[in-house]
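Undergrad: Letter by letter, the chains look like this.
Protein chains: 6
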Amino acid sequence: MASEKKSVVVFSAHSGDFVWRAGGAIATAAQRGDDVHVICLSFGERGESQGLWRQEGMTMEKVLQKRREEATNAAEILGASTDFLDLGDYPLHVDDEAFNRVVDLLRAYQPHTILTHVANDPYNRDHNMAHETLLRARMVAQAMGHQTENPPIGAPQVLMFEPHQPEMCGFSVDLLLDITEVFDTKRRAMECMGAQSHLIEYYTDLAVRRGVQAVRNGGPKSITHAEAHARLFPVVGRELV
Amino acid sequence: MASEKKSVVVFSAHSGDFVWRAGGAIATAAQRGDDVHVICLSFGERGESQGLWRQEGMTMEKVLQKRREEATNAAEILGASTDFLDLGDYPLHVDDEAFNRVVDLLRAYQPHTILTHVANDPYNRDHNMAHETLLRARMVAQAMGHQTENPPIGAPQVLMFEPHQPEMCGFSVDLLLDITEVFDTKRRAMECMGAQSHLIEYYTDLAVRRGVQAVRNGGPKSITHAEAHARLFPVVGRELV
Amino acid sequence: MASEKKSVVVFSAHSGDFVWRAGGAIATAAQRGDDVHVICLSFGERGESQGLWRQEGMTMEKVLQKRREEATNAAEILGASTDFLDLGDYPLHVDDEAFNRVVDLLRAYQPHTILTHVANDPYNRDHNMAHETLLRARMVAQAMGHQTENPPIGAPQVLMFEPHQPEMCGFSVDLLLDITEVFDTKRRAMECMGAQSHLIEYYTDLAVRRGVQAVRNGGPKSITHAEAHARLFPVVGRELV
Amino acid sequence: MASEKKSVVVFSAHSGDFVWRAGGAIATAAQRGDDVHVICLSFGERGESQGLWRQEGMTMEKVLQKRREEATNAAEILGASTDFLDLGDYPLHVDDEAFNRVVDLLRAYQPHTILTHVANDPYNRDHNMAHETLLRARMVAQAMGHQTENPPIGAPQVLMFEPHQPEMCGFSVDLLLDITEVFDTKRRAMECMGAQSHLIEYYTDLAVRRGVQAVRNGGPKSITHAEAHARLFPVVGRELV
Amino acid sequence: MASEKKSVVVFSAHSGDFVWRAGGAIATAAQRGDDVHVICLSFGERGESQGLWRQEGMTMEKVLQKRREEATNAAEILGASTDFLDLGDYPLHVDDEAFNRVVDLLRAYQPHTILTHVANDPYNRDHNMAHETLLRARMVAQAMGHQTENPPIGAPQVLMFEPHQPEMCGFSVDLLLDITEVFDTKRRAMECMGAQSHLIEYYTDLAVRRGVQAVRNGGPKSITHAEAHARLFPVVGRELV
Amino acid sequence: MASEKKSVVVFSAHSGDFVWRAGGAIATAAQRGDDVHVICLSFGERGESQGLWRQEGMTMEKVLQKRREEATNAAEILGASTDFLDLGDYPLHVDDEAFNRVVDLLRAYQPHTILTHVANDPYNRDHNMAHETLLRARMVAQAMGHQTENPPIGAPQVLMFEPHQPEMCGFSVDLLLDITEVFDTKRRAMECMGAQSHLIEYYTDLAVRRGVQAVRNGGPKSITHAEAHARLFPVVGRELV
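Sequence order for the protein chains is A, B, C, D, E and F.
Numbered by the numbering used here, the letters in the first sequence go through residues 2 to 242 in order.
Numbered by the numbering used here, the letters in the second sequence go through residues 2 to 242 in order.
Numbered by the numbering used here, the letters in the third sequence go through residues 2 to 242 in order.
Numbered by the numbering used here, the letters in the fourth sequence go through residues 2 to 242 in order.
Numbered by the numbering used here, the letters in the fifth sequence go through residues 2 to 242 in order.
Numbered by the numbering used here, the letters in the sixth sequence go through residues 2 to 242 in order.
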């Protein structure tokens, strides 16, 4: 299926989210030749860097530096570019300037598909903020009257990757993405993410379980690893899938 | 994308439903070489044959005969086979024998995809009954311990076609199916359906509106007609769609 | 507004439900000249007659007789006719014959409005069964091809009266019906219902609370008693109400 | 029913929304003698003025001027006054000053009924912002302790007009408003709205479809055009409607 | 906390469900001295005995025998009694006689707590049927007018155990039950269940994941294994838990 | 059950909310030795002080003073400490400084349980704002990288107390808290709240009704008064409750 090259944007509240939750999707897209751009709103420096803060003599500056390196390396392995907006986490702050930056990036990347967080996660309101920011920025980036160097974007699909506790977030699976072929790549990307090695086992197990579910939902028996995603907008297509 | 030939089952409460609501999906599948099988649970002889009953001297026998002819002709134009279970409508009755017949048909046809009604239509409980019957029969047809000549089926996707009043039925669109190329075929099939000519205009307009929505949701500008479908189970795939 | 006389059907799982939950609506309609017909599917003889069963020497025959008398008296006070289908309660059984009887009654009464139970009450599945039976019977009674002496019905609105534990049943109020003027009538009807005198206080208090809510939602300050109802279908109207 | 003259406020995110989505409701209210006040939060200058931006030499100033003229003319035809808050669109910004302006207008107009957007439209977050702003302003305008020249408002009903893609917004119809008599007026208002002539056909077709639905839901057969609205708060009334 | 001995009923559509989904809950209750009664509506002989059917020379009689042995052994290890209603699976049939049997069992066991399936599992309608049957039987068993040797039951809580694909069934966790101490017992029970050894690993992993979630939700760090349950009715209590 | 002393935080949009909606919960916790801390975001000076504003010569300063006194007295009777953030009401404003104050308080109090408002109350958006603020502050207070004098908090449960119109707010009861023993205390606290004496009767009646519901849901017959609460996160436990 030699469909044309696409542009994919991954909109990640913290700099680790895209690896754990969408690493397989990124590697799959990159492998087939798509341009994949990860936008990290924050480094998760306060809320998702426990391992680093447990190290002696740790400072905010060092955490930010380390998290940037880890995410850059992981993205490179997965085959994606990175933009770090450094907006602060816990809570994530998106002011007008940051918002306009997001709009500009969407116009620059002209995505066919955007991956981001769910709308309502009771455990992590930064995720909700990322979701809302993305929907607003998508709307503005589509507006003909918002005039910038780059033209308006089309109507990219928005996929929401699986949250940590899906049954608490109203998450219903729309796509079980076969990531069998790229799982080694995702695993290597996860290994960049510092001390959180238990998370690697966690997300490996999750991929196996989603893979089993994929086969049970009619996928080929060759699937061993998968990722779950939910879809915000209808698919437009010519096949009954 | 020369994907393999598939089997599609359309599970229709009344003998007209499949034409109006899924005619484009059927013709699209048939055109690409799929086997499409329409199972009509009833002829809609009591609840959906107003035109016929308004004719003088009409009898139940004549209505059943006429509805069978119309549906057979429409299915032929769309490229689908037909099974008529003649279970009675308003209300639809599915007894054990009828249920087993449905299971046998699913096993005979081994569908990759099934199209049927939504789960909750306050206006038409026959539609709900069809939905529930399909989900149960799908489950039984999958069971290894239910032993019949034909083997168990896999895990076919279930698509729900658009109900008449979608916003009253909790219908949320998952697939905007491009039916531009087959719309003439659907129109000819609709023209088989007796006196209900205003419905032809209605469903033509709906197809145009869904086509516009498809383009706005990122489909190619060449789309002029579409059908909306909702999906019950997650898609298993290797692309972010 | 001297609008024309209407026909109202109240579809009650047990013979007490219509008094407690819709007595104000019935009296209001009767007072303005509407024909109100209460259809009791059962006498609530097993599940809602605790007071009677606590009396010594009580038998099923006596319970049925007493419950019929009570409901007949209450309906008379409210201004409604009664049909008792005596289908048994806990659980309520609706076989084909009973179902056809319901359809016949709907066609005989040609209701503009139907009052019944909510769709999902986890405490009382007889209520759900009444709701489902009503929706099915309404559909059949509308069908031109279902030929009976009486003609098909139109498209009566279905109002759901307030369940005992509204927040457990997904009940959302659509109508706060002012029953101030008829509350004495409702109270007298409630007093027919045997030993359950604490229920009279309960439903009096509820009416007062709903009355307060009515005023707070913009009703005239003269409202002292109200009943809450939810609506299944959209209203058709010429005013923004 | 010679009920008294009422005050209606229409709260529109962009200066076109009120015409397309609520024009029939406005004309209906105005025709019966109500005071109707349209509050436009923005001119939709960036997001909903594609036709203007496609014209050569277009500037923001000209767009704003043109959109103001169009909306003023349309409102005049419909029979409503206009307030333009000019808060900017895509995204809509409501700062404290603007918010207080909205509260002041609500107190000045003392509405019985307010029309606005739905709570959750994934395509257009300006609509959500308008909904949230309205609910907040309504709350403040009701507060006795918020002291202004005009007194607190009562408890106006909030109706939500039909969004462009209702099944994606959780829109469920509560009111099918008969706009048959005023449809010509709505059409003339729509014709003020510049180059978007395809929208006129679109909303004419929608009105016809909603009209058919109104008849099917029990409205008089004379209805040919209708608008769908959802209701946020319960109705308070003395009739079972 | 030496609270009194309780009666727990586990209502299982197929004879394996109670082991996999509620084995920890059963062992926990039994260990503290509660009486635990498992009611198996069917043996899952057609739909959940793939391993057996793959063996040569397998017959329905042998499957039923084997499944009964396995479930009996597992229940014994967990500390529960068993009732096998043998109603057939795929689909599960509950006729009036079977229904009355269920009511009789509930009255005989006088449960404080009942565990069963969720209300809506699109993959397995037998689970839904078990849920509905339980709610109805609970209602009848509560009715004073339903006169049997055993007295009416009280108002037992209904817990729903975790379905196989929780995010597809609208499952939201209300209780993370600490099963750390009894997990070995659950594991031994699982090992009785024939060839399905991969399921043992699956449910062990799930218990570990739910254990981690329990700690993250504020449970003691000693928790290593847990089960997720949802609650249908409110808890009545004197503590804020 | 001599369980250890806990810390409870009550997060109240206006200074009266905690008394009416959670007074029983507070007194129950205090009585068993817990530390209970009430955080009032505002005094409800504009929106919930009608009685005061009706007095001649009333000024904002006097209202604030009076409301502070009332809430302080009520909290003292209930056994709770108070923090008044004085952020203004109708609408409630939570800027960065206020938000950080909330985080600091959560870290200082290290709550096991937090009580607050529901997520979506169409009548009162200050309540929603309090809910959202609490969830965000809880998240930040948990973050290891947010470094303050006090350590991060654990994972306190969040209970939502009953809103005024529960069925309009999607409120579903999870806990019926027995407040029989402390109801006199709650009543005395309510009597501190100024002229709103009808509210005392209202909340007394509500407590009685919830008490009846508690008994019907299986609580001991000794319960005469209860409060309804909903739970946001799963309970972690070792018993099937």
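Certain hints may be false.
Which copy? The list can't say, so a pair holds if one copy fits it or any two copies do.
Claimed, not checked - Computed list of lysine-lysine pairs in DSS-like fashion (alpha-carbon distance at most 25 Å, straight line):
id, residue 1, residue 2
1, K67, K7
2, K222, K67
3, K63, K7
4, K6, K67
5, K63, K222
6, K6, K63
7, K222, K6
8, K7, K222
In case anyone wonders, no lab produced these hints; they're calculated from the structure.
Undergrad: Quick one: K7 to K222, C-alpha cut-off 25 Å, is that within a copy, between copies, both, or neither?
TA: Answer is between; shortest inter-copy Cα gap is 17 Å, intra-copy 28 Å.
Undergrad: With identical chains, the pair K63 and K7 could be close in the same copy or across copies; at 25 Å between alpha carbons, which is it: within, between, both, or neither?
TA: So K63 and K7 fail the 25 Å test inside a copy (36 Å) and across (37 Å) alike.
Undergrad: Indicate which option fits the pair K6, K63 if close means a Cα-Cα distance not exceeding 25 Å: within, between, both or neither.
TA: Neither way: K6 and K63 sit 38 Å apart in one copy and 39 Å across, limit 25 Å.
Undergrad: How would you classify K6 and K67 at a CA-CA limit of 25 Å: within, between, both, or neither?
TA: neither (33 Å within a copy, 41 Å between copies)
Undergrad: Checking an output row: K222 and K6, CA cutoff 25 Å. Within, between, both or neither?
TA: Classified as between: cross-chain Cα gap 18 Å, same-chain 28 Å, threshold 25 Å.
Undergrad: Can you give me the call for K67 and K7, within, between, both or neither, at a CA distance of at most 25 Å?
TA: Result: close neither inside a copy nor across copies, 31 Å intra and 38 Å inter.
Undergrad: With identical chains, the pair K63 and K222 could be close in the same copy or across copies; at 25 Å between alpha carbons, which is it: within, between, both, or neither?
TA: neither (45 Å within a copy, 30 Å between copies)
Undergrad: For K222 and K67, with the copy left unspecified, which applies at a CA distance of at most 25 Å: within, between, both, or neither?
TA: Answer is neither; intra-copy 40 Å and inter-copy 29 Å both fail.
In terms of the numbered hints stated before, the structure departs from hints 1, 2, 3, 4, 5 and 6, listed from lowest to highest.
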